[in-house]
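S.K.: Fit chain W to the supplied structure of chain D, relying on the hints for placement.
Protein chains: 2
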Amino acid sequence: MSTELPLAQRFVLASRPSGAPAPEHFRLERFTPPLPQAGQVLLETLYLSLDPYMRGRMSDAPSYAPPVQVGEVMVGGTVSRVLQSQHPRFHEGDLVVSMGGWQTHSLSDGSGLAPLPPDLPSPSMALGVLGMPGMTAYMGLTHIGQPKAGETLVVAAASGPVGSVVGQLAKLNGLKAVGVAGGPDKCRYVVQELGFDACVDHKSPHFAEELAQACDKGIDVYFENVGGKVFDAVLGLLNPQARIPLCGLVAGYNQGELPPGPDRSGLLPRALLTKRAKMQGFIVSDDFGDRQGEFVAAMAPLVREGKVKFREDVVQGFEQAPQAFIGLLEGKNFGKLLVKVV
Amino acid sequence: MSTELPLAQRFVLASRPSGAPAPEHFRLERFTPPLPQAGQVLLETLYLSLDPYMRGRMSDAPSYAPPVQVGEVMVGGTVSRVLQSQHPRFHEGDLVVSMGGWQTHSLSDGSGLAPLPPDLPSPSMALGVLGMPGMTAYMGLTHIGQPKAGETLVVAAASGPVGSVVGQLAKLNGLKAVGVAGGPDKCRYVVQELGFDACVDHKSPHFAEELAQACDKGIDVYFENVGGKVFDAVLGLLNPQARIPLCGLVAGYNQGELPPGPDRSGLLPRALLTKRAKMQGFIVSDDFGDRQGEFVAAMAPLVREGKVKFREDVVQGFEQAPQAFIGLLEGKNFGKLLVKVV
Numbered sequence: 046m047s048t049e050l051p052l053a054q055r056f057v058l059a060s061r062p063s064g065a066p067a068p069e070h071f072r073l074e075r076f077t078p079p080l081p082q083a084g085q086v087l088l089e090t091l092y093l094s095l096d097p098y099m100r101g102r103m104s105d106a107p108s109y110a111p112p113v114q115v116g117e118v119m120v121g122g123t124v125s126r127v128l129q130s131q132h133p134r135f136h137e138g139d140l141v142v143s144m145g146g147w148q149t150h151s152l153s154d155g156s157g158l159a160p161l162p163p164d165l166p167s168p169s170m171a172l173g174v175l176g177m178p179g180m181t182a183y184m185g186l187t188h189i190g191q192p193k194a195g196e197t198l199v200v201a202a203a204s205g206p207v208g209s210v211v212g213q214l215a216k217l218n219g220l221k222a223v224g225v226a227g228g229p230d231k232c233r234y235v236v237q238e239l240g241f242d243a244c245v246d247h248k249s250p251h252f253a254e255e256l257a258q259a260c261d262k263g264i265d266v267y268f269e270n271v272g273g274k275v276f277d278a279v280l281g282l283l284n285p286q287a288r289i290p291l292c293g294l295v296a297g298y299n300q301g302e303l304p305p306g307p308d309r310s311g312l313l314p315r316a317l318l319t320k321r322a323k324m325q326g327f328i329v330s331d332d333f334g335d336r337q338g339e340f341v342a343a344m345a346p347l348v349r350e351g352k353v354k355f356r357e358d359v360v361q362g363f364e365q366a367p368q369a370f371i372g373l374l375e376g377k378n379f380g381k382l383l384v385k386v387v
Numbered sequence: 046m047s048t049e050l051p052l053a054q055r056f057v058l059a060s061r062p063s064g065a066p067a068p069e070h071f072r073l074e075r076f077t078p079p080l081p082q083a084g085q086v087l088l089e090t091l092y093l094s095l096d097p098y099m100r101g102r103m104s105d106a107p108s109y110a111p112p113v114q115v116g117e118v119m120v121g122g123t124v125s126r127v128l129q130s131q132h133p134r135f136h137e138g139d140l141v142v143s144m145g146g147w148q149t150h151s152l153s154d155g156s157g158l159a160p161l162p163p164d165l166p167s168p169s170m171a172l173g174v175l176g177m178p179g180m181t182a183y184m185g186l187t188h189i190g191q192p193k194a195g196e197t198l199v200v201a202a203a204s205g206p207v208g209s210v211v212g213q214l215a216k217l218n219g220l221k222a223v224g225v226a227g228g229p230d231k232c233r234y235v236v237q238e239l240g241f242d243a244c245v246d247h248k249s250p251h252f253a254e255e256l257a258q259a260c261d262k263g264i265d266v267y268f269e270n271v272g273g274k275v276f277d278a279v280l281g282l283l284n285p286q287a288r289i290p291l292c293g294l295v296a297g298y299n300q301g302e303l304p305p306g307p308d309r310s311g312l313l314p315r316a317l318l319t320k321r322a323k324m325q326g327f328i329v330s331d332d333f334g335d336r337q338g339e340f341v342a343a344m345a346p347l348v349r350e351g352k353v354k355f356r357e358d359v360v361q362g363f364e365q366a367p368q369a370f371i372g373l374l375e376g377k378n379f380g381k382l383l384v385k386v387v
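Protein sequences, first through last, are from chains D and W.
Counting in this note's numbering, the first sequence runs from 46 upward without gaps.
Counting in this note's numbering, the second sequence runs from 46 upward without gaps.
Bound conformation, chain D alone (with noise of 0.2 Å):
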């Protein structure tokens, strides 16, 4: 058995950012990966998922899943190798995805790894389309969304890995789909590649009147991902029963303290009470873990068709995860943002 190993490497949270995390809230280290004991694999990072739910896990703020601490390994989805196994499931070789963290080398005990969907043209798609944001597009357009052919939804970050599922699923699905995505370059690739019948660009100073242009009979679904001015927009627009997944708030995520006032947080049951409207968080993995069966079932076909297309933006090398992390929470990905790292 080798122990060739090359050098791994890791960052790990170096502290708590209280607004937008800056590159000094990572620190990269250097260690040698370990052995793995009986039971225990060895895996080598692929490429790892950057994704904005991370940005919660390094506040300490009560959420959904416990916070990072400080001198730990960042979280993160990871496709990767086995390189070493003591586990009788997996062998030297395969491809599995993993929860494996931001570093090139981790251990697992086979908890939490899955083998990949078969067939797919790129190992990087288990990390998208057919990984967990695909599967929160789907899970909740589906079971939480409940559309119906003629009515319209709309989706954020339209150009992302959710955001694109969720209006693609809702065109297959015979709805009016509307997109919100940041400047010309992304709305035009929602509409002309994706699909959708419209996108508008949340920078225009014009974007709430745009919005209402292009929900010309109201909004019945909003899959919500990002919140802020976005959410304010669409909830004059709703229509009665209105159903609205909520799976992240990426405007929020970098938010230190509350903003300045008018204290405006009756608007939204208000509008739940006089729409008869619906809003529901869910958390992919907590919600829907035990029905990835039915999601891959369903959507592996759909992109092997090309009804559900996607886009990957790649970035090369472990060092820059940091980087295009920060860059994701400002909009600045193009697709599904991934790091190469081997």
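Please note that a few of the clues may not be correct.
[Stated by the list, open to error] With a straight-line Cα cutoff of 16 Å, these simulated EDC-like cross-link-like pairs (lysine to aspartate or glutamate) come out:
#1 W:LYS377 <-> W:ASP246
#2 W:LYS274 <-> W:GLU254
#3 W:LYS274 <-> D:GLU74
#4 D:LYS274 <-> W:GLU364
#5 D:LYS385 <-> D:GLU350
#6 W:LYS274 <-> W:ASP242
It should be emphasised that the hints constitute simulated quantities derived from the structure, not laboratory data.
M.R.: Just chain W now, kept in the frame of chain D:
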């Protein structure tokens, strides 16, 4: 056919309040009751129901129902007696539930008239425990709240016609029921008479701490009918996958403009996300109007057997309606507020 009708009275909306309504926003008018034409009935109001939703109808802000126009009769549910009938389905002397409004006499073409549930000890019950408030409690709790034995439920206005039924039904379903009410008399009634496990006085300076103490296992169902500071205190106590049926926001009904900052509008979406919680507004007549039979079949036996108790706050005399309604919005009533007209 008698033409010796007494002079009738009605309250019309004199002007729109911007904050709390005052007596000058209502105008008492006298009128001669019209004779019913073919297909119509003339009704005499026995009981007028006073309910928080009426405040919303006095404003012309967008809501779930069109506003009362200035100069129009105030809307309201009534128990009425048929005085004269030119309608094949109704006969002189019949008792009906009607949206007769704030007036001693009304005409109807029969649409929206319903017979009283059978065997009522008092016809007024058709406006409370076996009427719209009771049905709001039953439908919201059952179909949105989805209560499970062992869970904890919180409801405000717990001595009122909706809250009292919500809590008692929760107890019958094996939940812990915690009420919120204003003042020691109401709280005592909620625990000792209605059988809630606890009731917290929202006038207490330590309200939030006392609510947290009473809900030592968190909150699984919050039946929302008031909003405001009760909701603020509830938010931090929600358990994962909590459900929030939302039927009213009486605390905000008199709010003219937005309160001063900071802007806390991000807190609710964040709580729904991190707790994977659901909040759903409903209007019982719109969302469950066709399920009256289900409601009466379930509820009438519980009331008859004393398993669901109720309390009425009956004001004598039609001309008392505005003052009683103003008091309702201040929490001065104790039980279902009714005006006994005849």
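S.K.: Compare the structure with each hint and give your call.
M.R.: Hint by hint, here is what the structure shows:
1. Of the supplied pair hints, the one linking W:LYS377 and W:ASP246 holds, its CA atoms being roughly 14 Å apart against a limit of 16 Å.
2. Distance check on the hinted pair: W:LYS274 and W:GLU254 sit about 12 Å apart at the alpha-carbon level, within 16 Å; holds.
3. A threshold of 16 Å between alpha carbons decides the hint, and for W:LYS274 with D:GLU74 the separation of about 47 Å lies outside it, so the pair is violated.
4. In summary, the hint linking D:LYS274 to W:GLU364 is not supported, as the alpha carbons are separated by about 48 Å, beyond the 16 Å threshold.
5. For the proposed pair D:LYS385 and D:GLU350, the alpha carbon gap of about 26 Å is over 16 Å, so the pair is violated.
6. Straight-line distance between C-alpha atoms of W:LYS274 and W:ASP242 comes to about 21 Å, which puts the hinted pair past the 16 Å bound.
Checked against the numbered hints above, the structure breaks hints 3, 4, 5, 6 and satisfies the rest.
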